[in-house]
Amino acid sequence: MDVSNFISQFFSPAAWSLIKSLGECFMSPTGFLIWTTLLKSALLLVIILGLVSYTVYAERRVSALIQDRLGPNRVGWQGLLQPVADAAKLLLKENFTPKSANYFYFRLASKLAMVPPVLVLGVLPFGSSLFGVPMTIASVNVGALYVLAISSISVYGIVLAGWSSNSKYPFLGGIRSSSQMISYELSLALSLIPIFMLVGSLNLNQIVQYQIVHGWMIAPFWPQGMSLDTLLHPLALLEAFRAGCSLQRVLIWIPLFISFILFFISMFAETNRLPFDLPEAEQELIGGYHTEYSSMGFALFFLGEYTAMIAGAGVITTLFLGGWSLPLVPDGSHGWFWGLVNIAVFFAKVIVILFVFIWVRWTIPRFRYDQLMKLGWYFFFELAVANIFLAALILTYVKR
Amino acid sequence: MIVNRKKLNWVERLYLPAIIGGLAITWKHFQRSLLGKGVITMQYPEEKWDAHLPEWYRGAPTLVKDEHGREKCVSCQLCEFICPPRAITIEPMEIPEGDPWRKVEKAPRAFDIDMARCIYCGLCEEVCPEQAIFLRKDYSITGLNRNEMIHHKEKLYELGGVMTGLVFKWNEKK
Ligand code: SF4
Ligand code: SF4
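So the protein lines, in turn, are chains P and U. In short: position in the first sequence from 1, add 3, done, that's the numbering used here. In short: position in the second sequence from 1, add 277, done, that's the numbering used here.
Pulled out of the complex, with its shape left as it was, chain P reads as follows (with noise of 0.2 Å):
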């Protein structure tokens, strides 16, 4: 208490109680829960916000490594400040609307393409604790199905910025988007179904939590009651082997790994990416939806597809690779570090998905509409309800 009488000798009477009773405040459990959320909004927008600016980077000089070239390495070392000259460029150039364009629709449509797939990072758990305080911002029960909800609510601003800008190209890309957007849409969420039969919940934390326990979604052996420990130990390894392994549980491995490739296929569509990125196929449509835009309404499509690949790929992550788990790496309840460690392996997880979305993108050709049509339709969507029933019959037949 002497230090709090220290600091209370420089200020009046009335001053202290007010600084004290601020205190309380921040300290009792509501005001405590709101400033670490906010911190915590504010971090991980940061955070994003970084990340996205280094992906259109690493997209770059990755496709130009790719094609054998070099990619922008003029600003900074190896270009590394390239972002930073984008992002002034972009935001000195004229913000032009189309004369004939709808103003209201055509300046909304490029904030509702950039605010979605931020409210998506919203509920996914980025790490475990840090301090004692949960690294998710909001762990809701319906986190996946909030997911799935939110992220389709994104081609509102494509489809809005297609009719808005009054132009044929960016229709088309708007038309197209949104019939794509209804194909996969589908089959993004019916192959989510096995995991929540398995794990029995729609929360992304304890989604998390379960594949700490059983072993990631990929590949669900993971040995039970395996420590530092047992690893030094052989006979304590296989037990922890066969206690991680059943028929069940190597059955129920085929629909999780179809549910993987289709999820991440349909990622692919969901976030318009190369090979399902008709709305904005620049050479049929001079870049689609976007094409009236300059200047920040550019910037913020620009944006938005980038956060949207990385809210994807933080949604694969937590729900097929373990979220922020590493094996053998222990949670934030076991002091700050681990919890600075958890949120390390989250981002990593992150960044390697985020490297296949463009390694992918800079191998495959575009599909044609009707190929992809097609393969929506006739095949994803088949293949993930038939898919749910597979899961169904493992989990209810085989024994454990």
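Derived from the structure by calculation, the hints contain no laboratory data. Don't take each hint at face value.
Stated by the list, open to error - Derived EDC-like pairs: lysine to aspartate or glutamate, alpha-carbon spacing no greater than 16 Å straight-line: (1) U:342 with U:435; (2) U:380 with U:415; (3) U:414 with U:357; (4) U:314 with P:71; (5) U:432 with U:391; (6) U:305 with P:71.
Bear in mind that the values here come from a model prediction, so they are computed numbers and not experimental data.
Add chain U with the ligands to chain P, keeping to what the hints say.
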């Protein structure tokens, strides 16, 4: 010609093997470029193609002098008329009494080529009856405003320099 499409079997129709094969190829390129091998990019301002430019390269049009130091242009203005974008403006003058080349009669007082308009077509070089104008190897023509982009006579001679071994038709009659 009708090209028959090969019937794909079901493995090929899955596309996945082909996609994985493609990913392997791009990965190979990525890996190789990452190690700095096989990158074909030329770092422009530091590295240039200049040494590789062919003899017939069509760069900026320039005026040349002959081995006597005489400006070859006789101000016939054919190039001015043929220039498709009308980049050339010539102001002719009479060669004054007493000049050793008085019998040539005409020379340009001013000779401007607007490099902002020139399309490097080479017609001026082709049409010139005196072999006075040539497209040389300068290609990075820059300026901060439109006026700086106009090459005046001095600049044109500076770029063109002296060209020897051309037809010389102003000898004294034997
Ligand atoms: S190269 Fe063609 S465009 Fe240029 S000055 Fe000569 S005639 Fe004109
Ligand atoms: S450069 Fe040739 S074509 Fe042009 S005015 Fe001079 S002599 Fe005539």
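> Among all the numbered hints in the text so far, which are the ones the structure does not match?
Replying inline: Structure breaks hints 2, 3.
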